[in-house]
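Asks: Protein chains in written order, with our numbering: chain G, 1 to 114; chain B, 1 to 112.
Check before you lean on any hint, since a few could be wrong.
What the hints assert, rightly or not - A short, non-exhaustive set of chain B residues, derived as facing chain G with CB atoms under 8 Å:
1. Gly29
2. Tyr32
3. Ile39
4. Pro44
5. Tyr46
6. His49
7. Asn53
8. Phe102
9. Gln104
No lab work stands behind these hints: they were computed from the structure. Note that CB positions come from ideal geometry on N, CA and C, so glycine has one too.
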Amino acid sequence: KAGVTQTPRYLIKTRGQQVTLSCSPISGHRSVSWYQQTPGQGLQFLFEYFSETQRNKGNFPGRFSGRQFSNSRSEMNVSTLELGDSALYLCASSLGGASNSPLHFGNGTRLTVT
Amino acid sequence: DAKTTQPTSMDCAEGRAANLPCNHSTISGNEYVYWYRQIHSQGPQYIIHGLKNNETNEMASLIITEDRKSSTLILPHATLRDTAVYYCIVRFIIQGAQKLVFGQGTRLTINP
């Protein structure tokens with residue numbers, strides 16, 4: 001079974017631009033969540049989607065948004081990029097709804113904002 | 001939010017058992033303990049999880065104390081490839097929504 005796939009693997013953007021990251025979950029997984037990882041803040045939760053609905057959101061500004069499609073694939077968008085948005089963005093999928101259903105992570109998209 | 005506390009770093013000799021402790025004293029009854037590890041430039045890899053009982057799989061064993069306030073991840077025969085940052089996480093559900101709260105993890109170094 002294929003794992004969680006994130007594209008692109010690397011991105012370089014300029015301040016003020018916007019970016020869209022993509023995540024394809026493991027087949028059959030309906031929950032997709034996104035995390036930001038930086039050296040200073042560690043792994044921080046962004047949001048979670050289940051059956052195309054956002055179920056939970058972390059403490060990030062409105063410039064960070066996401067969506068989930070009917071096939072469970074998800075995208076996240078960051079508008080008006082700032083230097084501090086440089087990070088590894090991780091997507092994780094799970095069957096959803098149960099605490100004992102493990103999350104499986106992709107290898108992330110490394111975003112560099114210059 | 002339940003929080004976890006782990007040592008910042010640990011060393012272990014190759015071939016020996018690596019025992020990684022985690023404190024989660026504020027855990028509540030329906031929250032699971034999860035362990036992940038992350039090798040540089042890769043996403044976190046799921047290792048094992050448990051609620052009350054000890055668990056074992058092909059990668060590791062998880063020992064949870066009876067009061068559930070702490071746990072230990074055991075890698076029975078550590079290899080150099082086990083060098084990674086290990087995260088102990090308490091996973092909870094709020095109104096059907098789930099999220100993981102990651103601490104800073106333990107940087108485990110396996111020495112030859």
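Asks: Asn53(B) was flagged as interface toward chain G. Is the shortest Cβ-Cβ separation under 8 Å?
Replies: 12 Å, violated
Asks: Go through the hint on Phe102(B) and say holds or violated, using the shortest Cβ distance to chain G against 8 Å.
Replies: It holds, given that the least Cβ distance between Phe102(B) and chain G is near 4 Å, below 8 Å.
Asks: Taking the closest Cβ pair, is Tyr32(B) under 8 Å from chain G?
Replies: Tyr32(B) check passes; min Cβ-Cβ to chain G is 5 Å, inside 8 Å.
Asks: Closer than 8 Å between Cβ atoms is the bar; does Tyr46(B) clear it against chain G? Give me holds or violated.
Replies: 5 Å, holds
Asks: Identify whether the interface hint at Ile39(B) stands, where standing means a beta carbon of chain G within less than 8 Å of its own.
Replies: For Ile39(B), the interface hint is violated, since the closest Cβ of chain G sits about 10 Å away, which is over 8 Å.
Asks: Hint validation: His49(B) versus chain G, beta carbon distance must be below 8 Å. Holds or violated?
Replies: 6 Å, holds
Asks: Closer than 8 Å between Cβ atoms is the bar; does Gly29(B) clear it against chain G? Give me holds or violated.
Replies: Hint violated; Gly29(B) Cβ to chain G Cβ min 11 Å, cut 8 Å.
Asks: Quick check on the hint: Pro44(B) CB to chain G CB, less than 8 Å?
Replies: 5 Å, holds
Asks: Identify whether the interface hint at Gln104(B) stands, where standing means a beta carbon of chain G within less than 8 Å of its own.
Replies: 6 Å, holds
Comparing the model with each earlier hint shows violations of hints 1, 3, 7; every other hint is respected.
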